[in-house]
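Q: Going down the list, the protein sequences come from chains A and B.
Sequential numbering of the first sequence, starting at 1, is according to our numbering.
Sequential numbering of the second sequence, starting at 363, is according to our numbering.
In case anyone wonders, no lab produced these hints; they're calculated from the structure.
Do not rely on the hints blindly, as some may be mistaken.
Said to hold, decoys possible - Each computed DSBU-like pair below joins lysine-lysine, with the alpha-carbon atoms no more than 30 Å apart: (1) A:K103 <-> A:K133; (2) A:K103 <-> B:K428; (3) A:K46 <-> B:K428; (4) B:K538 <-> A:K7; (5) A:K44 <-> B:K428.
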Amino acid sequence: MTQMNAKYYDGQSSIQYDAIVTFTSVYWDISYTDPSDGRLHQTKWKLEHIRNQKVSSSLHVFKHGDFPPQTLEFSQPQIMQLLRQQYPQRPFTETIHDKVLSKGFKGIAVLLACTVGIVLLFYFWILPFMAEKAAQNVPKDMEIALGEKLFEGMRQDLDIDTAASGTINAFAKNINFHTHYKVQIWVVKDSTVNAFAIPGGTIVVYTGIIQEMNDYTELSALLAHETAHVQYRHSMRSLCKSLAGSMFISLAFGDVSGITSTIIQNGNLLNNLSYSRSLEEEADHKGIEILRNNQIDLKGFVNLFNTLQKQHEEHETLGFMSTHPLTKHRLQYATLAYQQQKQTLPHPDLETLWDTLKQQSK
Amino acid sequence: MEQILQSKRKLKFHGTGASLFGIMFVNMLLTVITLGIYAAWAHVANRKYFYQETELEGTRFEYHAKGIEVFIGYLKAFGVIVVFYIAMAGIGFLSGGNTTVIITAAIILYLALFALIPVAIHGSLKYEMAKSSWRGIYFGYRGDLQTLVIEFLKGILLTIVTFTLYSSWFTVNIRKYIIGNLKFGSISFSYEGDGSKLFFINLKGFFLTLVTFGIYFFWYIAEVQRYHTNNTKAFQNGREIQFKSDVTGGDVFGNSIVNMLLIIFTLGIAFPWVICREVNFMYLHLSFEGDFRADELQQTERNFNDATGDGLANILDIGI
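So that you can see chain A by itself, here it is in the shape it has in the complex (with noise of 0.2 Å):
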């Protein structure tokens, strides 16, 4: 039988007793004395009933019994220790705060090591993948709809070339690009040398790659690398990888103030484009494919490069922070592909309209 001094209210009114606490192995017996009137007062807590709330290491308190409950204050520290022995089979539990704040240091260490791993686990594999399904997943009509909504808002700032727009997809439909999406190409006279696709199937090409290209085979390039994005929604794959980082940053840090916010902007842009370039790497990969298929000489691809490459100021370093992957990468990768094509065939159809297009993008 063990014994303890201790402070006890009885949950009706706020005396302070002085009270002894007697631990069995089925009750704790609590005996006071009524400063008022002398008498002893007995009472007993059943173990079943008593919760712990431990205040600090110097002071723990116990409850009993629902609303209002009964109340025991410990202030030796051995109480909690003196329980375990008492009572092996019970454990006085604390909240999973307490069992990590005891651990010290070495607790909160291991507490930040999990999370950091956690948040990186989340963030380079399985929110890519999450967002990856979601994208394969909406459906064909949203995706146009959206890509419709987008060039919309686009159109008003894009000097359309009519004529040269006719041409263009004359010349697209001489070529199996091998997609489900209905092809719309649109020719924009603006020096850029650049084109771009947009979800569900419209294509944008500036005048200014044109005035750049020297033959019907680099165009071809040029439209198999964009139908392939299109095919193979990178715009919406993008799309979704992009939201789904920054809701996740947002979401696991809560309130995100102004400069976090800033950082964590244009840490997930980082993220994204180097998404963007292994989805350039399967464009080009994949129109390789499609010229193939055509059997459209693929020396096409490789003067495509060349010219590209004569308009980009390389820089080794600032590789990681552009948009599309070195393009002597792919010139590698295009040269070979060259190297290595058995069959092609004239396309006189293309040649005419390759001129015709030339002429009008002046």
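For this one, chain A is given, so just place chain B on it according to the hints.
A: Leaving out everything else, chain B in the frame of chain A:
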């Protein structure tokens, strides 16, 4: 013969920046791992620390909120907000561009949003008070929701109509109602401020702050704090216990500057230490004068487990 003691009692804070840092840091990590779900438990752990480290007459306060109750409260509050947004969006759709419909709907919805604030305050107070105790005696809030909502809407409308001039009377009315309905076991409270007196304090504060390019602001803050505190009383068995504040503008100025510098020079890491400084500052300048008999509190308040108001207050960013 009984000795009636007029003694000055203060709250004592035992918390340290280091332990608070530990709690807040663990809170943050666990919240991140659980993608935000732990936030409810973190909130409780945080508050619990402040209660447990506050001592009155040798006994600490206790906080009995449960993480799961707060979490369910958040979910319900979130549900309310969602219904709100759906209603707003729905009206937008169905109106089909009819401007009169949109305007009347917007007015109704804004009124409803304003009405949500007293709902949040009421629910939050009921929950937080029912989960607070000292020496086993629980606090309580006995206010009526309908009354508070009406007072609030009246106050908001009058404030808008008078271009915020009415706000001093609005503040006093709400404080009076809420404090008058707070209970600490058998102890009751009252607030006896006057709208016009507060109005002059506010007016003085506004102009002097302008004229001194903001420096007077600290003195204004101190004056408002003293006004509110010195007009608050507690009643125990017919005896009056007066709340007193002796905080000066200089005190507020010094405290604020030090706290600001601490935050800036430690890039925010000193935040837990600053919070402890803030609490110590508050307790230092607050005292209770009168015949408070620690043994004579009776248990009178009831239990209350619904934390929806609490959740709403958090979402709407209202602090209690």
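Q: Now look at each hint and say whether the structure bears it out.
A: We went through each hint and held it up to the structure:
| no. | hint | verdict |
| --- | --- | --- |
| 1 | A:K103 <-> A:K133 | violated (41 Å) |
| 2 | A:K103 <-> B:K428 | holds (23 Å) |
| 3 | A:K46 <-> B:K428 | holds (22 Å) |
| 4 | B:K538 <-> A:K7 | violated (36 Å) |
| 5 | A:K44 <-> B:K428 | holds (26 Å) |
Violated hints for the displayed structure, listed by number in ascending order: 1, 4.
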